[in-house]
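Q: In the order they appear, the protein sequences are chains E and A. According to this note's numbering, the first sequence holds residues 1 to 114 in order. According to this note's numbering, the second sequence holds residues 115 to 226 in order.
20 Å max Cα-Cα, derived EDC-like pairs, lysine to aspartate or glutamate: (1) E/Lys57 x A/Glu116; (2) A/Lys156 x E/Asp24; (3) A/Lys156 x E/Glu44.
Hints were generated in silico from the structure; no laboratory data involved.
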Amino acid sequence: GAGVSQSPRYKVAKRGQDVALRCDPISGHVSLFWYQQALGQGPEFLTYFQNEAQLDKSGLPSDRFFAERPEGSVSTLKIQRTQQEDSAVYLCASSLRDRGYGYTFGSGTRLTVV
Amino acid sequence: GENVEQHPSTLSVQEGDSAVIKCTYSDSASNYFPWYKQELGKRPQLIIDIRSNVGEKKDQRIAVTLNKTAKHFSLHITETQPEDSAVYFCAASNPGANNLFFGTGTRLTVIP
Chain E
1 GAGVSQSPRY KVAKRGQDVA LRCDPISGHV SLFWYQQALG QGPEFLTYFQ
51 NEAQLDKSGL PSDRFFAERP EGSVSTLKIQ RTQQEDSAVY LCASSLRDRG
101 YGYTFGSGTR LTVV
Chain A
115 GENVEQHPST LSVQEGDSAV IKCTYSDSAS NYFPWYKQEL GKRPQLIIDI
165 RSNVGEKKDQ RIAVTLNKTA KHFSLHITET QPEDSAVYFC AASNPGANNL
215 FFGTGTRLTV IP
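Okay, chain A solo, but in the shape it has when bound (with noise of 0.2 Å):
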């Protein structure tokens, strides 16, 4: 199966610099990597994804970049702010699965 790992564990900037989170997958059958979103005692919440089709995605201060050929992608925020502090999912999911796997997540703490 499918084994997705992420790091870092914890990322602290400061507010207005950026943050780089990184995954790798195992499957290279794999085709759809979304980013999740988990504040304290919330639910995890879709905030971008990509297929394998293409290797740069952005929306507003959001980007994710794609190495199909490395096997890993990466979660860009640009210009961050205190909101953006939350716990960061990777996931990726293949035709042969009916499910997301997902990395152990990496704490973002932005700094006032």
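With the rest of the complex left out, here is chain E (with noise of 0.2 Å):
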């Protein structure tokens, strides 16, 4: 596709449901993020993939997060067990080359839990 596309656009899940939250990046490109952006802050970083591999998952806030890129193109982001302070949205995005130059971001999902 022409961007970086996310899916669902909004999601709200009750406290203690799982969730997953899907990227399709630009095709072709190598290296692709996760962000988590909460109400009237700036992204946050939550983990990296250069291809299938995942580089980076520092800004995981806990193990109930966990994301995949199994074949280098789509990624998931999973929660599991959603609390009240996974709330926020959910920016996915996309480099031709690796590290952060050149973002396309997508359009995030809004992940409200009840």
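Join the two chains, each given in its own frame, into one complex according to the hints.
A: Structure representation (structure tokens):
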């Protein structure tokens, strides 16, 4: 596609429920990043993939958060046993090169945990 | 790790006036400084970026300046228009990091 596509656009989860958020990066983009953006804040780094390899997961806030990119294209961010503090917009970004240059962000998934 | 601070948090200007947003960073190794514009409910979009080997960069009504010694960089928007109203984020990255470190954002309102 022409841009980074994320789904669902909105997700409401009951506390304790598991959720899965999907990111379709731009075709051919090597790098894929997940960020968490709380209301009124800047995006905060969660994890980074180079192709299928998860090279950095230092930003994942707890072991309830898990991300994968098994074929080096589509990525899924999974949150187990959601809690209210997980409510945020989850942004995916991809880049043709490695590291943080030339990002294109998706529109995000707004997760609300009730 | 890197710490990026951004000021002001909100800024209102009259249409046609200039707007300046300032950011400081803590890691002297940081060498890449992009600025993103985020309209309500939309994705952050890169509007301009600068690398540490350059002190200033301009693109039409937008300019960014970098002072490596003082570890601060600024976004300048001239002849502001209502469509410039959005939240602007600065960010920094260094060769040792895989990611961008973002500021907390500035909500710019251009009053017609």
